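K.L.:
One-letter residues, chain by chain:
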Amino acid sequence: RKEVEQDPGPFNVPEGATVAFNCTYSNSASQSFFWYRQDCRKEPKLLMSVYSSGNEDGRFTAQLNRASQYISLLIRDSKLSDSATYLCVVLYSSASKIIFGSGTRLSIRP
Amino acid sequence: DGGITQSPKYLFRKEGQNVTLSCEQNLNHDAMYWYRQDPGQGLRLIYYSQIVNDFQKGDIAEGYSVSREKKESFPLTVTSAQKNPTAFYLCASSKWDRGFGAFFGQGTRLTVV
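Sequence lines, in order, name chains U and Y.
Take 47 as the starting number for the first sequence in our numbering and just add one per residue.
Take 78 as the starting number for the second sequence in our numbering and just add one per residue.
Same shape as in the complex, but just chain U (with noise of 0.2 angstroms):
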């Protein structure tokens, strides 16, 4: 089982809509948890950190479920410009080693 899983997608969707990406992560260990964007053929950019409380960024809002160990990203009122690869991202803080999930297709149509 890989340590951190993602939905590969793509996910395919009008622009404006609502779209959610679910994360999980096998090792509860696990200190710290992000999200990542990458366009294509460019370097992984840090999109936001994730909170167990959950945080809130503009459009876009993050969540950890520890209990349930997955992490979520949820981005409303979709752009063109959210067309990218978006990155599952798990901190072991103990090992200082990042993990990354395989990422999620996302392409938003007008």
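Be careful, since some hints might not be right.
Unchecked claim - Keeping only pairs whose Cα atoms sit at most 30 angstroms apart, straight-line, the calculated DSBU-like set for lysine-lysine is:
1) U:91 / Y:86
2) U:48 / Y:172
3) U:143 / Y:172
4) Y:86 / U:88
5) Y:148 / U:91
6) U:143 / U:91
7) Y:134 / U:91
Hint data in this document are derived by calculation from the structure and do not stem from the laboratory.
Given the structure is predicted, the values throughout are model-derived calculations rather than measurements.
Given chain U, put chain Y in place with the hints provided.
P.N.:
Same frame as chain U, but now just chain Y:
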């Protein structure tokens, strides 16, 4: 400006050659990482280092080697033992003890010719 720099951006290697990819950061981050990404795939961890003069193998270390002689630098050598080296290589750094997210360089595209 602080950041993480990879060079070169594009690299061509003949079969049987070793090549070294550079990664430098001036963010004062403790941890550095190397990932490989194949087309349409996620990132796979090659090597990582928490402190100077120490590094650990990731999931796909075979055919690669690294060194961490300085905090700022974490070069990756792709050896001739790596049978399929053509890929996009990404270097990242993070301040691990605070759980900060990792920041990436712009990547190196390596092609075997």
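K.L.:
Under the criterion that the straight-line Cα-Cα distance not exceed 30 angstroms, is the pair residue 86 (chain Y), residue 88 (chain U) satisfied?
P.N.:
OK: residue 86 (chain Y) and residue 88 (chain U) at ~11 angstroms, within 30 angstroms.
K.L.:
Assess, step by step, whether the Cα of residue 134 (chain Y) is no farther than 30 angstroms from the Cα of residue 91 (chain U), and give holds or violated.
P.N.:
It holds: about 24 angstroms lies between the C-alpha atoms, which stays within 30 angstroms.
K.L.:
Is the Cα-Cα distance between residue 143 (chain U) and residue 91 (chain U) 30 angstroms or less?
P.N.:
Distance of about 18 angstroms is within 30 angstroms: holds.
K.L.:
Are residue 48 (chain U) and residue 172 (chain Y) close enough, with their CA atoms no more than 30 angstroms apart?
P.N.:
holds, 25 angstroms
K.L.:
Assess, step by step, whether the Cα of residue 143 (chain U) is no farther than 30 angstroms from the Cα of residue 172 (chain Y), and give holds or violated.
P.N.:
holds, 11 angstroms
K.L.:
Would the hint linking residue 148 (chain Y) and residue 91 (chain U) be met if the CA-CA limit is 30 angstroms?
P.N.:
holds, 22 angstroms
K.L.:
Checking one constraint from the list: CA of residue 91 (chain U) to CA of residue 86 (chain Y), max 30 angstroms. Satisfied?
P.N.:
Cα-Cα ~17 angstroms, so holds.
In summary, the structure agrees with every hint in the numbered list given earlier.
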